[in-house]
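Colleague: So the chains spell out like this:
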Amino acid sequence: MRTILMGALVSGALLLAAAPATAAANVERVVSDLGIEAYLLHEPSVPLIAMSFAFKGGTQFETAEQAGLAQMTAALLDEGAGELDSLAFRTALEDNAIQLSFNADRDAFVGDLRTLTVNKELAFDLTRLALTEVRFDAEPIERVRAQVMAVINRRSTDPGTVARETFFATAFPDHSYGVSDRGSLATVAALGRDDLVGFVDRQLTRDKLRIGVAGDITADELATVLDDVFGDLPAEGPTSGAEPVTPVLGSTVVVSQPVPQSVVMFGQGGVSRTDPDYYAAHVANYILGGGGFQSRLLKEIREKRGLAYSAYSYLLPTDLSPLWTGGVATNNEDVAESVRLIRQEVARLAAGDVTEDDLEGARTFLTGSFPLRLTSNAQVAGMLRGMAVLGLDVDYLERRNTLIDAVTLEDVKRVTRELLDPDDLLVVVVGDPQGLDG
Amino acid sequence: MRLTSLLLATALAGAALTSPSAAKMFSPERFTLDNGMDVVVVTNRRAPVVSHWVWYRVGSADSPQGKSGLPHFVEHLMFKGTDNREPGEFSRLVARNGGTENAMTSADFTAYFQNIARDRLGLVMEMEADRMAHLRLTDDLVLPERDVVLEERRSVVDNNPSARLAEQMSAALYLNHPYGDPVIGWFHEMETYDRADAEAFYDAWYAPNNAVLIVVGDIDAEEVRPLAEATYGKIPARDVRTRERLKEPPAAVARRIVLEDPQVRQPSLSRAYLAPSQRLAGWEKAHALDLFAEVLGSGSTSRLYRELVVERALASNAGAFYRGTALDDTSFRVYATPRQGVSLAELEAALDEVLAEALRDGLTDDEVERAKRRMQAEAVYAQDSLSGAARIIGSALTTGLTIDDVEQWPERIGLLTTDQVNQAARDVLLPERSVTGWLQTPPQEGETG
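From first to last, the protein sequence lines are chains A and B. Throughout the first sequence, residue numbering follows the working numbering, covering 66 to 503 in sequence. Throughout the second sequence, residue numbering follows the working numbering, covering 187 to 635 in sequence.
Simulated from the structure, these hints should not be mistaken for lab results. Each hint should be verified, as a subset may be incorrect.
To be verified - Example chain B residues on the side facing chain A (calculated, C-beta under 10 Å, incomplete):
{"#": "1", "residue": "448"}
{"#": "2", "residue": "454"}
{"#": "3", "residue": "489"}
{"#": "4", "residue": "530"}
{"#": "5", "residue": "559"}
{"#": "6", "residue": "572"}
{"#": "7", "residue": "601"}
Because the structure is a prediction, the values reported are computed rather than measured. Even glycine gets a Cβ: it sits at the ideal position worked out from N, Cα and C.
Only chain B is shown next, with the shape it has when bound in the complex (with noise of 0.2 Å):
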């Protein structure tokens, strides 16, 4: 079969090939432990697998003062050992019985997860229950997991400039709030980490009621439930603190930071606006201003890329993204790098007028009804996946929002309209809410600057 001729009629007049827009994601069960776990069973039956993660609402926005980076630290203690079983032991029987595992720590949560057959569930519960209460720990252990953290610093920041001004960007972006430390944290104050500031964030913040447990796989939630009352449910509640964090005051100017560096080959330029997330600004708002980022800067059929990498061929790569699942204020970003003889100057300057262009007269209806369609498909993809559904659950339920707000994302994203999409950004993508970076080698004797 040959559709060159309904390719062409499709693609000039943008007729609607359908997909999907009332689908559910991942239609989850979820019940409560008497202890106040949350549970979450999304069932995928092809094949006889399982993810099991547990995700705790804490992270690194949560570190004790002076001790950035703490909860990713104690993430990678989780791994030494228990009052119950020796150090590397969870790994070992992990790896024994054919499962994968690992971890991670956001500004917002800590997580962990095995993947693994169906029939070994109960054994890797049974040891993440373990260690959500018995963790046991010494110095022989804390101190040189501190020196693998110090060198996991140095091989994901320290030794990559774009990333250098990365963490510059957010430091200079959030004046008071702790998103402005890295999720790694400072190196000055890793370095003195100690178990006894290991041991009192874990006790602080490792409960169950703190914890959201999530399986995802060749089960339901009639064979979740008895599994998870005999070991997180034995585990009992204790007073967890309620995250709150220093509050940003109102945004008052734009900044900017150059970051110049020898090993700078290839310049580019992105820029931070201070956004609300979903959980302060609500889900029009949010989903608006994720319409918005796709249209502005997702994919080679974007105005940024379409502006200022094809038409005026000031730029190899450009675009904008915005995420909304965050318990504070997060950002909205746009960045591009420049192709050979262009100045960073001169393609700032075309970045804004497309910026400008953007919210002044604002996006049209035909190119917010295709971002609908494009996200509204990514609802499908996600479902062709063990471990998304339980990414997405996973860091909504941390940030503050509700397994509703996952569900229904496709359909909300639907009923937007052109103007609430426009408004959000206007609100926004103002200057005084932003921070500019242009990463650069020095420049040469004789060269300006």
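One chain only, chain A, in its complex shape (with noise of 0.2 Å):
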């Protein structure tokens, strides 16, 4: 049986490049009547059509007494609009099986629809009053408030949650990205009708709006709903003005819980999206601890010592300040030699320790394993909203695994020399943590 193994391995080295084309040759750049652009793939297998659009801001549109209207906004925008209160409008997604949902986190607003073919008409009709005729009704204000304030109370003694909001306010002391975006209990108290109308005001206007389409909807129909839905939205509006803002990093945080298990997150700068050296960054993560089984965190820190169930680094690629982070989490006597170990590890991929073989791994994986993340509608809408939110052109889904093929040694050398330096990791503990040097 190994022969067969042996022969599917060497034949198949040289088919993965060709695999993904098949899906992605078919994306569309589809302009209305009225200018707005989305990304749609076709796709009528299945009858039913998902759409993922973004307005960019989110949270930055948020001033710091106002922390959690993005997110309350968000909540409430398919709590009723035009002439239905909440329970009518509700209803009628529901009975009709239309999952429209929207969120906000530090770069975007973001909408998310799923409908059954034909019940079609009906959800971008929901969709588009949910937008334009926004309601506010007092019921649902206070009763989205106390769902905010039961999240963050169960939350606030969460230990990976309070382990990434640490992080966060120590990051970024002055700045939006240092505050949760899912507000505070006092912030979220204090938030009133007229903060929510003055952020859908700033937020949903045309200029900011990216949309991706997936599933089954032609191009033409497609330029008519674009108008219908999104049509009646201010083509323009305010910018939020937040500046890009450097971390503050080079700690190490305690913060003091009755846990069994201590959970860590640690991080430093990382690169942007749109910066040519974004592969050659994404590449060098899948060896620190992108890679699963196959990471250098997980081997050390799982496979050889026992010491996490999961170890892992992923690039935060935010707008206004770039990260590289991740976390683990150990029981409170081992935790110190946990962080050691991811110390060790970073250090080594700063001195430019990485084979031949490592990048080879990395990219066989990462172009190898690209269809596998465009097998539903929902997946495939969101990736093309993500990709019009960046500025990528229509084809990048066929060129995207040149630009993973093109990544050398030197450039992953590079990028991890410029980015990664253990004495300037910042690392939040959350737990009770045994010898672990402050």
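Take the two lone chains and join them into the complex the hints point to.
Modeller: Here is the structure:
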């Protein structure tokens, strides 16, 4: 049986590059009469449509006193619009199995719609209503406020949440990135209807809008839909004015909690998604902690020593301060050893300890697995929306693997040397860690 | 096109915008290898990839006495190497061929999968078949992995008060059946796992005649068959014992559990009712409970949400769910989170009123019909996923159900009457079948508890 295996392997390496072209080749750029653009993959095999759209800005449109406003607005947009109160709107969505939801993060306000083809007209019209005829009735405002506060309460002692929020507060002490995007009990309690209306006026304008669509809809039909759904939004609006910021790094912060296992978040500066070195950093991250069992962090921390179930790193290419972060969770007695191993592996990479085999492993995985990320309409719509946000061309899905393949060993070494410094890591530990050097 | 007027008519009159009701789910092909291994193939040609799964009919409820969670531990050890392959080689080859992989253990099944380019299917089938028959363990591999699953337990249970409450509720719900033990195991028993435990378990359960192969993606049965025969087909069948778990005694008394922890900043309550699985009760009763749960507690137009969250403003969230895909008696669950200043006692009383009214007066025909449409639409959404089909089919076939049970699900939902739905709930939602759990902060000085 091993002969079968070897045959598959050898022929395999040559075939990988050709694989992703099938779906990717058909992405179209659709422009409506009003000039609204979307990327579309027409895929009629299942009778449903997925649309994902983003308005650039997100929590950048909050003041510090308004922390949580973007997410609270997102939770309220599908709670009544136009002539429909909350019950009527929610009933129309749920009875017709229309999935419409909104969310907000540090860089964008995002809407996601999924509908069966048979219900598409209603689905698009409800989306239009939600975006252009918001109600913000008193009952849903108070209800959503209670829900947000329950989540803030619940997560206030969750070690992973505390680690993440402490990390951002430490790295960005005077910037919107340092504030929890969920807000605090005090800021959420103070948000009023005027704040919500003001946020919608600033955020929901067509100049900030980027759209991806996948599924059972043609380009001609979509062009009409784009104007129907988004055409009533103002063409232009203010920018957030938020400025790029340099993270404050180089310390170890311990937050004491009476839990048996310490949760760690670590990180330092990363690379912008539009930086030419992004793909080299992507490869380097696979080697450090993005590659599961193939990554150095999981091999050292889990496979060799059994110190953790999970140990990982990832690039977080936010608009105003890209980061390279990661995490681990280890019992309190041994967590110092996990942190030492993280520093050791960061130091190895920073010193240029990368081989051609490391690079080849990363490239074959990152290119070969790309089609796996494009197997459902919801995935594809999200990917196309991301392309539109970044200003990537319509043929990006076809070119993407050549960008990975073009990364050289020198590129990886240059990027890790520039970005990584074990002494400059910001490390946050939540729990009751023993023997950790502060 | 503006549809507001149509929309208002729809919302107010509940007029049906149709969703396909008689559609099949996945239209799978199936065959059985000579050694008894079942094979299911679902063709989905939208990308040149496949999702390859092997499901074993063994789960945490089949743990040996005193070794709770052992099946999950063995699942971890299946990545450790074989007579033919070094430890770590399996995962390295999957990654080197652009594949992703993982595995999962439930009370009733253990499943392994790889998602990979279609021309690599032969590779992963060969490797998966290899570790079905030739796992090789050493203490050097087993003992660090025991530490890994202990850390996993700390992450998913011990660090999380609501997960600890859920674990205690299951332990209280099942007086005798092993569903009362956590899937990951009790800490003090996990500490005792050794290589002999793992080997004995592997020898007892890992056999082709106790497994189901599922392949979903850019492929059909004609292409899968020769690959399956050349890999899994070479492994001889072995005797595998029938799964017979301890039976629950008749339900006799409602139980209550309170978990108090200073880590808890947001109280909550939940209740579990012992409920029959689809295998034990048949599809009519199981799908009737699916529909009752949908109307009672799924989404923001459900009874629990409307009553407790919107109209009475006692809760910030509330809902219900039931999952009938289990080998033995499963559970029907309700839950709610109180708003600031509302006590758990007050919230529980209100929840009981909603439940009592729903059981006494019954759900209405309109509510049940709307729930049917929503659930039948889920059948369409389920097709928009590579691994969704494999998960639904695999969990059915490892819990005593059939492909027909999966394929006919949308149609059967449509056949049920409101009376069947109400009667199924009245048989199950009885106080003596229940455990109620409260999660709360310890009372402060001067407060009454």
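Colleague: Please go over all the hints and tell whether each is borne out by the structure.
Modeller: Right, here's what the structure says about each hint:
The interface hint given for residue 448(B) holds, since its Cβ lies 7 Å from the closest Cβ of chain A, which is under the 10 Å cut-off. Given the 10 Å rule on beta carbons, the hint for residue 454(B) holds: about 8 Å separates it from the nearest Cβ of chain A. For residue 489(B), the suggested interface contact is broken, since its CB lies about 13 Å from the closest CB of chain A, more than 10 Å. The beta carbon of residue 530(B) comes no nearer than 13 Å to any beta carbon in chain A, farther than 10 Å, and the hint placing it at the interface is violated.
For the restraint placing residue 559(B) at the interface with chain A, the shortest Cβ-Cβ distance is roughly 7 Å, inside the 10 Å limit, so the hint holds. Satisfaction of the interface hint for residue 572(B) is found here, the shortest Cβ-Cβ separation to chain A being roughly 4 Å, below the 10 Å cut-off. The criterion of a C-beta within 10 Å of any C-beta in chain A is not met by residue 601(B), whose closest approach is roughly 19 Å, and the hint is violated.
Consistency with the previously given hints fails for numbers 3, 4 and 7, ordered from lowest to highest.
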